[in-house]
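Colleague: Letter by letter, the chains look like this.
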Amino acid sequence: MSTCAECKSFFVREEEPGQGDCVRRVVDPRQAYYQSKPVREDSSSSGCESFQKK
Amino acid sequence: MSRRSQWKQVADGMLGGAGKVRTMEERENVPEKACGFCKNFSENAYASDGRGYCKKLKVGSDIKVDPAVYVMEGEASLTVLFNADGSKCQYFVRMELIDTNGNEVNDPSYRRAQRQMEKAVK
Amino acid sequence: MVAEPARDGSVQELENKQEWWWVAEKKRSKRLDYLRKAVWKKGALGGNYAPGIKLDLECATLFTDMWNFWKYDPIMMRRAKAIAHVLDNKTIFITDHAQLVGYFGSLPHTIMWRVDGASMVNEEAYNEPGIMPEPEQESLEKVAKLNDYWAGQTAVDKVARILDPEDAVKFLSGAIGWGAPSSAYGYSGKDYEYLFAGKRGFEDIIEDIEAAIEKAEEKTVGVPGPEILDIYDRLQNWDAMILVLEAAMRHAKRYARLARTMAENFETDDKRKEELLRLARTCEQVPAKSPRNLQESFQYDHFVQMFARVEAHEGAWPARPDYYHGPYYDKDVNIDKTLTKEEALDLVGEFMIRAYEVGGFAPRWAREGLQGITGTWVWTLGGVNKDGTDACNDLTIAFLQAARLVRVSNPTFGFRWHPKVKDEVMRECFECIRHGLGYPSMRNDPLLVQNAMHWHGHPLEEARTWVHQACMSPCPTTKNGVQPMRMASATANCAKMVEYALHNGYDHVVGMQMGPQTGEASSFTDFEQLFQAWTTQMQWLTNLLVRTVNLGRYKDPEFFGRPFLSGISQRSVESGLDVVSPVGDRGNCWITAFTWVENIDSLAAVKKLVFDEKKYTMEQLITALKANWDGYEQMRLDFVNNAPKWGNDDDYVDDIMIRCLQATARHSHVMKCPSGNNWPILPENVSGNIHYASIVGALPNGRRCGDALYDGGISPGPGLDKKGPTAVLASCGKIDHIADGRAFLLNQRLSPTQLAGEKGYQLWKAYIRTWADLGLDHVQFNMVSDETLRAAQKDPEKYSEVIVRVAGYSAHFVDISRKTQDNIIQRTVQGI
Amino acid sequence: MKCTECSYEAGVSSFRYLYNARIDASMTLRQCPQCQAWLAVDELAGEARQRVTDGDAPWGKSAGIEGLARDVAR
Numbered sequence: 001m002s003t004c005a006e007c008k009s010f011f012v013r014e015e016e017p018g019q020g021d022c023v024r025r026v027v028d029p030r031q032a033y034y035q036s037k038p039v040r041e042d043s044s045s046s047g048c049e050s051f052q053k054k
Numbered sequence: 001m002s003r004r005s006q007w008k009q010v011a012d013g014m015l016g017g018a019g020k021v022r023t024m025e026e027r028e029n030v031p032e033k034a035c036g037f038c039k040n041f042s043e044n045a046y047a048s049d050g051r052g053y054c055k056k057l058k059v060g061s062d063i064k065v066d067p068a069v070y071v072m073e074g075e076a077s078l079t080v081l082f083n084a085d086g087s088k089c090q091y092f093v094r095m096e097l098i099d100t101n102g103n104e105v106n107d108p109s110y111r112r113a114q115r116q117m118e119k120a121v122k
Numbered sequence: 001m002v003a004e005p006a007r008d009g010s011v012q013e014l015e016n017k018q019e020w021w022w023v024a025e026k027k028r029s030k031r032l033d034y035l036r037k038a039v040w041k042k043g044a045l046g047g048n049y050a051p052g053i054k055l056d057l058e059c060a061t062l063f064t065d066m067w068n069f070w071k072y073d074p075i076m077m078r079r080a081k082a083i084a085h086v087l088d089n090k091t092i093f094i095t096d097h098a099q100l101v102g103y104f105g106s107l108p109h110t111i112m113w114r115v116d117g118a119s120m121v122n123e124e125a126y127n128e129p130g131i132m133p134e135p136e137q138e139s140l141e142k143v144a145k146l147n148d149y150w151a152g153q154t155a156v157d158k159v160a161r162i163l164d165p166e167d168a169v170k171f172l173s174g175a176i177g178w179g180a181p182s183s184a185y186g187y188s189g190k191d192y193e194y195l196f197a198g199k200r201g202f203e204d205i206i207e208d209i210e211a212a213i214e215k216a217e218e219k220t221v222g223v224p225g226p227e228i229l230d231i232y233d234r235l236q237n238w239d240a241m242i243l244v245l246e247a248a249m250r251h252a253k254r255y256a257r258l259a260r261t262m263a264e265n266f267e268t269d270d271k272r273k274e275e276l277l278r279l280a281r282t283c284e285q286v287p288a289k290s291p292r293n294l295q296e297s298f299q300y301d302h303f304v305q306m307f308a309r310v311e312a313h314e315g316a317w318p319a320r321p322d323y324y325h326g327p328y329y330d331k332d333v334n335i336d337k338t339l340t341k342e343e344a345l346d347l348v349g350e351f352m353i354r355a356y357e358v359g360g361f362a363p364r365w366a367r368e369g370l371q372g373i374t375g376t377w378v379w380t381l382g383g384v385n386k387d388g389t390d391a392c393n394d395l396t397i398a399f400l401q402a403a404r405l406v407r408v409s410n411p412t413f414g415f416r417w418h419p420k421v422k423d424e425v426m427r428e429c430f431e432c433i434r435h436g437l438g439y440p441s442m443r444n445d446p447l448l449v450q451n452a453m454h455w456h457g458h459p460l461e462e463a464r465t466w467v468h469q470a471c472m473s474p475c476p477t478t479k480n481g482v483q484p485m486r487m488a489s490a491t492a493n494c495a496k497m498v499e500y501a502l503h504n505g506y507d508h509v510v511g512m513q514m515g516p517q518t519g520e521a522s523s524f525t526d527f528e529q530l531f532q533a534w535t536t537q538m539q540w541l542t543n544l545l546v547r548t549v550n551l552g553r554y555k556d557p558e559f560f561g562r563p564f565l566s567g568i569s570q571r572s573v574e575s576g577l578d579v580v581s582p583v584g585d586r587g588n589c590w591i592t593a594f595t596w597v598e599n600i601d602s603l604a605a606v607k608k609l610v611f612d613e614k615k616y617t618m619e620q621l622i623t624a625l626k627a628n629w630d631g632y633e634q635m636r637l638d639f640v641n642n643a644p645k646w647g648n649d650d651d652y653v654d655d656i657m658i659r660c661l662q663a664t665a666r667h668s669h670v671m672k673c674p675s676g677n678n679w680p681i682l683p684e685n686v687s688g689n690i691h692y693a694s695i696v697g698a699l700p701n702g703r704r705c706g707d708a709l710y711d712g713g714i715s716p717g718p719g720l721d722k723k724g725p726t727a728v729l730a731s732c733g734k735i736d737h738i739a740d741g742r743a744f745l746l747n748q749r750l751s752p753t754q755l756a757g758e759k760g761y762q763l764w765k766a767y768i769r770t771w772a773d774l775g776l777d778h779v780q781f782n783m784v785s786d787e788t789l790r791a792a793q794k795d796p797e798k799y800s801e802v803i804v805r806v807a808g809y810s811a812h813f814v815d816i817s818r819k820t821q822d823n824i825i826q827r828t829v830q831g832i
Numbered sequence: 001m002k003c004t005e006c007s008y009e010a011g012v013s014s015f016r017y018l019y020n021a022r023i024d025a026s027m028t029l030r031q032c033p034q035c036q037a038w039l040a041v042d043e044l045a046g047e048a049r050q051r052v053t054d055g056d057a058p059w060g061k062s063a064g065i066e067g068l069a070r071d072v073a074r
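Chains as they are written, first to last, in our numbering: chain A, 1 to 54; chain B, 1 to 122; chain C, 1 to 832; chain D, 1 to 74.
Calculated from the structure, these hints are not laboratory results.
Warning: the hint list may mix true and false statements.
[Unchecked claim] Keeping only pairs whose Cα atoms sit at most 30 Å apart, straight-line, the calculated DSS-like set for lysine-lysine is:
# : chain 1 : residue 1 : chain 2 : residue 2
1 : C       : LYS273    : B       : LYS20
2 : C       : LYS273    : A       : LYS53
3 : C       : LYS142    : B       : LYS119
4 : C       : LYS608    : A       : LYS8
5 : C       : LYS555    : A       : LYS37
6 : C       : LYS158    : B       : LYS55
7 : C       : LYS555    : B       : LYS20
8 : C       : LYS158    : A       : LYS37
[Stated by the list, open to error] The calculated label-pair distances, taken between Cβ atoms and stated as ranges, are:
#  : chain 1 : residue 1 : chain 2 : residue 2 : range
9  : B       : VAL21     : C       : LYS672    : 48 to 56 Å
10 : C       : ILE162    : B       : VAL21     : 20 to 28 Å
11 : C       : PRO135    : A       : GLN19     : 27 to 35 Å
12 : C       : LYS759    : A       : PRO29     : 20 to 28 Å
13 : A       : ARG25     : C       : GLU207    : 34 to 42 Å
14 : B       : VAL65     : C       : ALA739    : 35 to 43 Å
15 : D       : PRO58     : A       : SER50     : 24 to 32 Å
16 : B       : ARG4      : A       : GLN19     : 39 to 47 Å
17 : C       : ILE658    : D       : PRO58     : 13 to 21 Å
18 : C       : LYS614    : D       : PRO58     : 34 to 42 Å
19 : B       : LYS33     : C       : GLY584    : 51 to 59 Å
20 : B       : ARG4      : A       : PRO29     : 34 to 42 Å
21 : C       : PHE69     : B       : VAL21     : 14 to 22 Å
22 : A       : GLU15     : C       : THR338    : 25 to 33 Å
Please read all numbers here as calculations on a predicted model, not as lab measurements.
Glycine included, C-beta positions come from ideal geometry on N, C-alpha and C.
Work out the full structure: start from the sequences and follow the hints.
Modeller: Right, dumping it as structure tokens:
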């Protein structure tokens, strides 16, 4: 089972071990942006359509 | 009955839905003779959750029971939802023109802009 | 990207053709152009949200999860924890080219949903077409589940349960007023003096709170007595304030981290990389610490607004950006020269754009009443300093210039005019109006300062800090002057006063005895009987609305709770009370008087044609009104054309206006707010004149049920001001703009052709001088031609950027309903 | 009254009343209950005059002072 920590979109929070941010680029019909959502590094990434192995 | 008690009854009729848990079926189903298809239905201009007034019946009426109870006099009109079942109501009159265009503004008599009514009218 | 190419032709050619939206596109920077077009517009088109706008389920779910988890906490603490959970976990984003960040929904196209506000609004969200995120069925199930959880325990449900049942039924009929008696749908003023003038970051505030806690604890561990008992609640409140302020700082740091991640991992352009690192430093500084430069100052302000909106559905945006951010502009641009004027203009424009993109799910009546926008973001510019000197600065000018480049319909500006405003600033105001923005509205500052002192007893220095709390009403930004909850449910559909006076208090639209039985009008034998009936209905209607909202305000700390707003308000930081508590609030209430002038024209028409000329009997009139004038067209035209109408300098009708206003003003001193202060009226409409068109019955001014009501305030009926602009001003000048009410909205339509060039500016300036000399407090202008507006109706996509002044706000013409559009076109174009 | 589009015929009040675009004129907008077209109706004559579509203004231009502005004078 893969975890978020193994994903290209995962960025660890140095000051909070185990915690990280899932940062992804999105292009919608009006604008392009980077979005960020908190995740734990040991969270399962199964079922995540955006998972990309580092 | 005191003034407060009388109005409490009216308020309960009007606000009764606020604390009520509803099923998806209750939310989605628009019966063949839904109040929203009736000429006597007038949307509430404040709560646009689909409630409205019956232009014929007053508070105390009950069109869910068989035979329906009709109260024709009183302080306030009966509150009904757009998708309440009006099949047992003798005052149900089908409306020819139902306006589901929510881009135009409030018209209590004709407009029914709910997603469910949009589907039902189409 | 949907960016449309700029129209062919030079800037000069486009200016000559007065195609200002194409001019703006050509003149603004690439950054502003991108950001302006990137906005997902949240204002409803008439009553419906635009395609692609979706309900934000993420924040609603996060909030509900934590609210449910902490069910045994006191309400302030419970809300603080739920808000903190949202701020810590919601999705955040940074748009390409952006230098300012912060949105209260999770993604750019989402509208925040105040799930704890009102069950009926929640059910409306469920029924709303087009806004469910895909897959729709899954979203509907989520929304249904949330609705079932909140059913009966939202803020408005709680108030509705304790209202007098008769008041509740009549208020919720939708016939006599709108708004919600809860700060869940608030219009909160911000204590800018504490935050900005006081140069406090959240860390400083937490120090202030901790000092207050320490002082309070001396008592809770001391001698027992009744005076210490409520301190325990205050300690909980203080803790809640600290908790939410800390969460807010963490939230800002999430943006800082994202900006750094982008700069270090994705960005290849060196310039953008540096911008992102600056953005990171900005979000590390504010809101934790006070700002050091213009970007940080804007960012701080924007964060404050966003956090307040995560806490409550804010319907307005009281702000005075040139005054509070001006010193940083001066430092960066003029002194340190770390920013060029062009760079500063980009920041100012983006600051407006960040506000423009904000929008939450609003009930349909609010969408219809504010068509095209999501709330009244009326920002205040100009005015005076506390010592009475001119407060205009370089940033005032920059805002007026940026507005013409970004052309947003929200925020708009209200300009505090006073005799010392420099010509260069007046020219900038005029250019915005000439470019068809419909703003700034012009406000008479000396008069409104006096008005604030008269009605609410604000001391002079505090009154001089005033900002528009919503569209129109001034409110100070000081500890005791700032109002945490605009009591918007005292918004009266005033045309009902005369309607009820004519129908013995009965409402034929909702089929209910609403007002008191003041007698069958068909038996009235003189005008005084009708006027007496009108006065009784006026008092009944205003009493009911004020009772309702007073109770909502009083119970709000128990039913809702505002830990964040309290945490940024000096009086709560000092007292430990929820800021919505009336304690320490001087009171700044007003009754928004929609559909006011119909009363005047209707009363005048009855006086003239029934009682003076005896051309018709009261019985004939009542019969015609009950028939909605159907079959009485000739008579209706008589009541329109052969009765005097407000706005023509005709004492016959103007005296009735003064009489009605004075009767209401007397009653305004009788009704009191929870702080014991007065309730003056403020005639204005937003687009409530359209929302109420099918709810107000036929009236003696000649309207039928269904017709748009007048566009509001003290504006004459569209097309009925036939004697020119000076006569309009003369009529309006007969009102005492201090003692007769809180403020009075006046719409005027001017000809873009007549006001072209230098001559046009001079004409307008002379008009403003006359307006001020006559003692009016407000005027705003539409300056777009019939040709353009009709063309925009035919080809909306081509004219998607045309802006018009609706009432106390501006909207893109294509976003308002056809009835509203026609109502605006019908207004008289005045030659000045 | 007869609908100019679909010839539906009924009393004036059977046509949904929309609004009166100029309060001082007897032209109103009503909607045909059959074909739903918006119609300009002469209330004095009780007759539908024409269909109204986007941008049409059968009641004329803005009210106001004639001749002072180009767009008004036209």
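Colleague: Would you mind marking each hint as holding or not holding in the structure?
Modeller: Each hint tested on the structure:
1. C:LYS273 with B:LYS20: Judged against 30 Å, a Cα distance of about 53 Å means the pair is violated.
2. C:LYS273 with A:LYS53: Roughly 26 Å separates the two Cα atoms, so the pair holds.
3. C:LYS142 with B:LYS119: holds, 21 Å
4. C:LYS608 with A:LYS8: Status violated; Cα separation ~80 Å.
5. C:LYS555 with A:LYS37: It is violated: about 36 Å lies between the C-alpha atoms, which goes past 30 Å.
6. C:LYS158 with B:LYS55: This hinted pair holds, its Cα atoms lying about 29 Å apart.
7. C:LYS555 with B:LYS20: Distance of about 23 Å is within 30 Å: holds.
8. C:LYS158 with A:LYS37: violated, 34 Å
9. B:VAL21 with C:LYS672: 48 to 56 Å: violated, 40 Å
10. C:ILE162 with B:VAL21: 20 to 28 Å: holds, 22 Å
11. C:PRO135 with A:GLN19: 27 to 35 Å: holds, 30 Å
12. C:LYS759 with A:PRO29: 20 to 28 Å: Violated: the Cβ-Cβ distance is about 45 Å, outside 20 to 28 Å.
13. A:ARG25 with C:GLU207: 34 to 42 Å: holds, 40 Å
14. B:VAL65 with C:ALA739: 35 to 43 Å: violated, 58 Å
15. D:PRO58 with A:SER50: 24 to 32 Å: violated, 56 Å
16. B:ARG4 with A:GLN19: 39 to 47 Å: Given range 39 to 47 Å: violated, Cβ gap about 56 Å.
17. C:ILE658 with D:PRO58: 13 to 21 Å: violated, 38 Å
18. C:LYS614 with D:PRO58: 34 to 42 Å: holds, 36 Å
19. B:LYS33 with C:GLY584: 51 to 59 Å: Taking Cβ atoms as reference, LYS33 (chain B) and GLY584 (chain C) lie about 57 Å apart, which means the hint holds.
20. B:ARG4 with A:PRO29: 34 to 42 Å: violated, 55 Å
21. C:PHE69 with B:VAL21: 14 to 22 Å: Holds, at about 20 Å.
22. A:GLU15 with C:THR338: 25 to 33 Å: holds, 30 Å
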